[in-house]
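Throughout the sequence shown, residue numbering follows numbering that gives the first Met the number 0, covering 0 to 360 in sequence.
The hints are simulated quantities; they were obtained by calculation from the structure and are not laboratory data. You can trust all of the hints, since none of them are fake.
In the DSS-like style, the derived pairs of lysine-lysine whose C-alpha atoms are separated by at most 25 Å in a straight line are:
| id | residue 1 | residue 2 |
| --- | --- | --- |
| 1 | 29 | 301 |
| 2 | 110 | 305 |
| 3 | 157 | 244 |
| 4 | 60 | 336 |
| 5 | 244 | 355 |
| 6 | 224 | 157 |
| 7 | 244 | 209 |
| 8 | 157 | 354 |
| 9 | 157 | 325 |
| 10 | 67 | 118 |
| 11 | 301 | 61 |
| 12 | 93 | 29 |
| 13 | 354 | 325 |
| 14 | 354 | 331 |
| 15 | 223 | 244 |
From a predicted model like this one, the values you see are computed outputs, not experimental measurements.
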Amino acid sequence: MTHFALKVAGIAVLAAGLLAGTAAFAQSAKVTDATVAFLMPDQSSTRYEEHDFPGFQAEMKKLCAGCKVIYQNANGDASRQQQQFNSAISQGAKAIVLDPVDSTAAASLVKLAQSQGVKVIAYDRPIPSAAADYYVSFNNEEIGKMIAKSLVDHLKAKGVKAGDGGLLEINGSPTDAAAGLIKKGIHAGLADGGYPVLAEFDTPEWAPPKAQQWASGQITRFGKKILGVVAANDGTGGAAVAAFKAAGYDPVPPVTGNDATIAGLQLIISGDQYNTISKPSEIVAAAAANVAIELLSGQAPKADTKLFDTPTKLFTPALVTSENLKAEIIDKTVNGKPIQTPDQLCIDRYADGCKKLGIGS
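Produce the entire structure from the sequences given, and follow the hints as far as they go.
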């Protein structure tokens with residue numbers, strides 16, 4: 000790993016410290032009985048059921064044992080999310096944590112809620128067209144820059160000449176403002192790298208099958224001219240890997256990712272994916288719970304900055320490659336538990352790769 004990549008990885012604060020920092024949001028809160036909704040966008044990623052909601056629910060229990068939490072997932076359907084949003088209000092929710100399917104369409108939901116005195120916390124994905132009461136997320140633009148710059152540095156370290164070809168860029172959903180921020184960061188990370196972008200694609204609904212179909216077409220079109228792939232998350236990155244495998248490539252060109260999913264981490268372990276981003280969702284979920292309680296108590300949560308005219312707290316993620324996977328994923332803990340365990344990662348064909356990385360027995 001380059002000095003830059005090591006430096007970027009090193010700026011990630013220990014998860015325990017981040018969680019401890021969020022406690023400052025609600026120390027003086029006196030809310031004892033309220034309904035709060037936690038509305039997530041899709042099930043194309045397993046993170047919402049496995050990490051985000053459990054993290055939010057656990058923190059809410061600490062802050063307000065008598066509060067009711069409503070959880071819904073829209074499964075990628077903006078109309079369904081609107082129905083879930085309206086249902087949450089009708090059930091008496093006084094604060095709604097919203098990760099929007101469609102960031103533009105969500106503006107009307109923010110205005111509806113605020114007209115009825117309901118607080119809206121934008122979560123992970125911002126809502127550019129309407130000022131929510133708060134926005135909490137990992138720094139999405141920085142994520143895009145990190146994965147792209149890391150790939151460029153890797154290619155240069157390997158002596159790959161820019162004149163030999165270029166990169167594919169697989170972005171996230173065009174209706175997701177966070178995907179737009181990641182895309183902006185990717186462009187910044189590639190700007191001075193010297194490797195041209197052969198083609199790029201905005202993946203509807205972040206759907207891996209659509210990303211794989213597009214990548215397959217580009218492999219047919221460009222072949223060996225593809226030097227690497229900047230993919231905006233592990234789902235689209237895994238889709239690119241699958242497309243190369245199906246086309247008979249072994250090894251595949253280096254591919255980026257984001258989210259540190261089990262599948263993405265296993266692809267890094269096997270050598271098929273180059274990097275990902277570790278951003279334990281429990282950290283942001285806990286912050287959202289604290290913000291909800293602060294707002295309901297009539298206080299103004301402290302913000303680091305303003306984004307889209309909304310008070311904002313952004314957390315710094317960690318870049319992960321095979322060189323620091325053990326340190327960032329196995330050895331670090333959130334709420335006293337490792338982010339992932341060898342038992343989860345080092346199964347079947349990944350066992351040998353884990354041994355090479357010093358993971359497990």
